[in-house]
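Visitor: Sequence:
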Amino acid sequence: MENWIGIGIWIILGAAIGLSMKIFVSRPEAQPGHDVILALLGAFGAVIGGMLGVGLFHFFDPVALSIGGMAGAVVLAAFMSWIYRWGLRTLI
Numbered sequence: 002m003e004n005w006i007g008i009g010i011w012i013i014l015g016a017a018i019g020l021s022m023k024i025f026v027s028r029p030e031a032q033p034g035h036d037v038i039l040a041l042l043g044a045f046g047a048v049i050g051g052m053l054g055v056g057l058f059h060f061f062d063p064v065a066l067s068i069g070g071m072a073g074a075v076v077l078a079a080f081m082s083w084i085y086r087w088g089l090r091t092l093i
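Heads up: the sequence shown begins at 2 in our numbering, then just goes up one per residue.
To be clear, the hints were calculated from the coordinates, so they are not data collected in a lab.
Any given hint could turn out to be false.
[Claimed, not checked] Computed Cβ-Cβ distance ranges for the label pairs, DEER-style:
{"hint": "1", "residue 1": "L53", "residue 2": "I13", "range": "11 to 21 Å"}
{"hint": "2", "residue 1": "G34", "residue 2": "V64", "range": "31 to 41 Å"}
{"hint": "3", "residue 1": "F80", "residue 2": "G9", "range": "20 to 30 Å"}
{"hint": "4", "residue 1": "G34", "residue 2": "L57", "range": "27 to 37 Å"}
{"hint": "5", "residue 1": "I24", "residue 2": "P63", "range": "26 to 36 Å"}
{"hint": "6", "residue 1": "F58", "residue 2": "S27", "range": "31 to 41 Å"}
{"hint": "7", "residue 1": "D62", "residue 2": "G34", "range": "38 to 48 Å"}
{"hint": "8", "residue 1": "D62", "residue 2": "I24", "range": "32 to 42 Å"}
{"hint": "9", "residue 1": "G34", "residue 2": "F61", "range": "42 to 52 Å"}
{"hint": "10", "residue 1": "G34", "residue 2": "G9", "range": "25 to 35 Å"}
{"hint": "11", "residue 1": "V37", "residue 2": "F80", "range": "18 to 28 Å"}
{"hint": "12", "residue 1": "V37", "residue 2": "W87", "range": "12 to 22 Å"}
{"hint": "13", "residue 1": "I68", "residue 2": "W5", "range": "10 to 20 Å"}
{"hint": "14", "residue 1": "W87", "residue 2": "F61", "range": "34 to 44 Å"}
Backbone N, C-alpha and C fix where the C-beta goes; we use that ideal spot for every residue, glycine too.
Start from the sequences and build out the full structure, keeping to the hints where you can.
Guide: Given below as structure tokens:
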């Protein structure tokens, strides 16, 4: 049960990071909206990053509520949201 709670925390944390990217990376030509896409990208990145963090740092005792899992979730959620907000929006 503890791992499911950790994954739920990753999802909520990733959505919050994705939505906060709208504040941190402001673009003057950006159209309004994209909140759902940013939240979903942040949540997806947090789940993948959390799994990678747990796999890399806590290989013998995989627990979702760990420092490696949370750090991986934060880093990949921020990176994927930043890529969408800054990187891919300039290509479109």
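Visitor: Now tell me if each hint is right for this structure.
Guide: Evaluation of the provided hints:
1. L53 / I13: 11 to 21 Å: Given range 11 to 21 Å: holds, Cβ gap about 19 Å.
2. G34 / V64: 31 to 41 Å: 37 Å, holds
3. F80 / G9: 20 to 30 Å: 21 Å, holds
4. G34 / L57: 27 to 37 Å: 35 Å, holds
5. I24 / P63: 26 to 36 Å: 33 Å, holds
6. F58 / S27: 31 to 41 Å: For S27 against F58, whose Cβ atoms are near 33 Å apart, the range 31 to 41 Å holds.
7. D62 / G34: 38 to 48 Å: Distance hint for D62, G34 holds at roughly 42 Å.
8. D62 / I24: 32 to 42 Å: 36 Å, holds
9. G34 / F61: 42 to 52 Å: This hint holds: roughly 44 Å between Cβ atoms.
10. G34 / G9: 25 to 35 Å: 26 Å, holds
11. V37 / F80: 18 to 28 Å: 19 Å, holds
12. V37 / W87: 12 to 22 Å: Given about 18 Å between the Cβ atoms, the range holds.
13. I68 / W5: 10 to 20 Å: 19 Å, holds
14. W87 / F61: 34 to 44 Å: 38 Å, holds
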